[in-house]
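Line order of the protein sequences matches chains A and B. Here the first sequence is numbered in the numbering used here, starting from 1 and rising by one per residue. Here the second sequence is numbered in the numbering used here, starting from 1001 and rising by one per residue.
These are computed hints drawn from the structure, not numbers from a lab. Accuracy of the hints is not assured; some may be wrong.
Pairs of lysine-lysine residues, derived as DSS-like cross-links and limited to a Cα-Cα distance of at most 25 Å, are as follows [as the list claims (entries may be wrong)]:
1. B:1004 / A:56
2. A:138 / B:1004
3. A:142 / B:1125
4. A:56 / A:2
5. A:138 / B:1133
6. A:142 / B:1075
7. B:1134 / A:141
Label pairs and their calculated CB-CB ranges [unchecked claim]:
8. B:1137 / A:19: 26 to 32 Å
9. B:1133 / A:23: 33 to 39 Å
10. A:138 / B:1096: 21 to 27 Å
11. A:111 / B:1035: 51 to 57 Å
12. B:1004 / A:100: 15 to 21 Å
13. B:1121 / A:147: 22 to 28 Å
14. A:10 / B:1047: 40 to 46 Å
15. A:100 / B:1137: 25 to 31 Å
16. A:111 / B:1072: 33 to 39 Å
17. A:138 / B:1044: 32 to 38 Å
18. A:76 / B:1044: 32 to 38 Å
19. B:1137 / A:101: 48 to 54 Å
Where a beta carbon is used, it is the ideal one built from N, C-alpha and C, also for glycine.
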Amino acid sequence: MKVKIRNVLSRQEEQVVIECVEMTPELEDIKNYCLAKGSYLTGYVNTSSFRQVCIKDILYVEAIDEKVFAYTKEKAFEIKKRLYELEAELASYKFIRCSKSFLICLLKVESIRPALNGRYLACMENGEEVMISRKYAKQVKKTIMEEL
Amino acid sequence: MELKSILKKCMMDFLLIQAGITFVIGVIGCIKAPVSRISYDSFFMPFIYAFFCSIPSFVIYSAKELSIKQMLVRKAIHFLLIESIVMLISYMIGTLTDTSICIAILLAVIVVYTAVNVFEYLFCKLEADAMTKKIQYIRGKEQEEQYHV
């Protein structure tokens, strides 16, 4: 099989193109590998056990005291990073700061409804609601309407 | 919340209250005294009411994020303050001549307060619906793209 590498100018342009007669299990593996590459976070279930959490499965991230937790549909994992670090790291996955202690994945939001006093509630895929505070509401709206 | 935002909100409240009071004066006047004439100084009344009714807006604001329960309590205090201020101004200028006027003014405050909050909610709902629509569109597009990969 031939492998071609072409240089591009930005990270956004990076891609892997598979040209094939038909998809085989090997090519399926390559596809899954490419899709998953670089998109995992190390999530701790407790102090000793950890596993790789696919970023695409994370609905939102919450900072409680000094700890940061990532929530998937089924589980919560502690992430050993600061919230601002994750904010920068996950920006390309459409995560945005929606309040002082929350990051939400805009692609995992089912709906948004108004709460009192200029705030909003984002209903996530798992049915949980995350508050979009008044301070961040403007930025969230701008991101959704203009940059998403 | 920043001071600038608070002042902006106060100004919005001032204009909304003023419009609401002008409307209510017109409605009550048409019902209670349709043939009476009013003097030019009456045109300043909505400004006076709106100015003093905007002041309690500071009750709603807090530097830290309030819970929905805390906000509801503050809204109730805000409403009671406005009701008291309106009654006090009406008493001072001698508008409260009989019980029916008192009841009409009390009801008018409830109507204006409710209308202001309903308008605010509807405006936010419009924005929320627009955001939901855009998100659903993007999610549909993402799923389509993933399907084609």
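Here is how each hint holds up against the structure:
Distance hint between residue 1004 of chain B and residue 56 of chain A is unfulfilled; the C-alpha atoms sit about 38 Å from each other, more than 25 Å. Under the criterion of a C-alpha separation no larger than 25 Å, the hint pairing residue 138 of chain A with residue 1004 of chain B is consistent with the structure, at around 15 Å. Distance check on the hinted pair: residue 142 of chain A and residue 1125 of chain B sit about 16 Å apart at the alpha-carbon level, within 25 Å; holds. The suggested pairing of residue 56 of chain A with residue 2 of chain A is violated, with an alpha-carbon distance near 30 Å, which exceeds 25 Å.
The suggested pairing of residue 138 of chain A with residue 1133 of chain B holds, with an alpha-carbon distance near 17 Å, which does not exceed 25 Å. Taking the CA atoms of residue 142 of chain A and residue 1075 of chain B, the gap is about 28 Å. The hint is violated against a cut of 25 Å. Our distance criterion of 25 Å between C-alpha atoms is met by residue 1134 of chain B and residue 141 of chain A, whose separation comes to about 10 Å. Checking the proposed 26 to 32 Å range against residue 1137 of chain B and residue 19 of chain A shows it holds: the Cβ atoms sit about 30 Å from each other.
Roughly 34 Å separates the CB atoms of residue 1133 of chain B and residue 23 of chain A, a value that falls within the hinted 33 to 39 Å. In this structure the hint that residue 138 of chain A and residue 1096 of chain B lie 21 to 27 Å apart at CB is violated, the actual value being about 43 Å. Roughly 53 Å separates the CB atoms of residue 111 of chain A and residue 1035 of chain B, a value that falls within the hinted 51 to 57 Å. Residue 1004 of chain B and residue 100 of chain A have their C-beta atoms about 19 Å apart, which keeps the hinted 15 to 21 Å range intact.
The hint said 22 to 28 Å for the Cβ distance between residue 1121 of chain B and residue 147 of chain A, and at roughly 27 Å that hint holds. Remark: the range hint 40 to 46 Å for residue 10 of chain A to residue 1047 of chain B is contradicted by a beta-carbon distance near 57 Å. About 29 Å separates the C-beta atoms of residue 100 of chain A and residue 1137 of chain B, a value consistent with the hinted range of 25 to 31 Å. For the hinted restraint 33 to 39 Å between residue 111 of chain A and residue 1072 of chain B, the CB-CB distance of approximately 23 Å leaves it violated.
The hinted window of 32 to 38 Å between residue 138 of chain A and residue 1044 of chain B holds, with their beta carbons roughly 36 Å apart. Taking the beta carbon of each, residue 76 of chain A and residue 1044 of chain B are about 59 Å apart, not inside 32 to 38 Å as hinted. Separation of residue 1137 of chain B from residue 101 of chain A is about 29 Å and departs from the stated range, judged on CB atoms against 48 to 54 Å.
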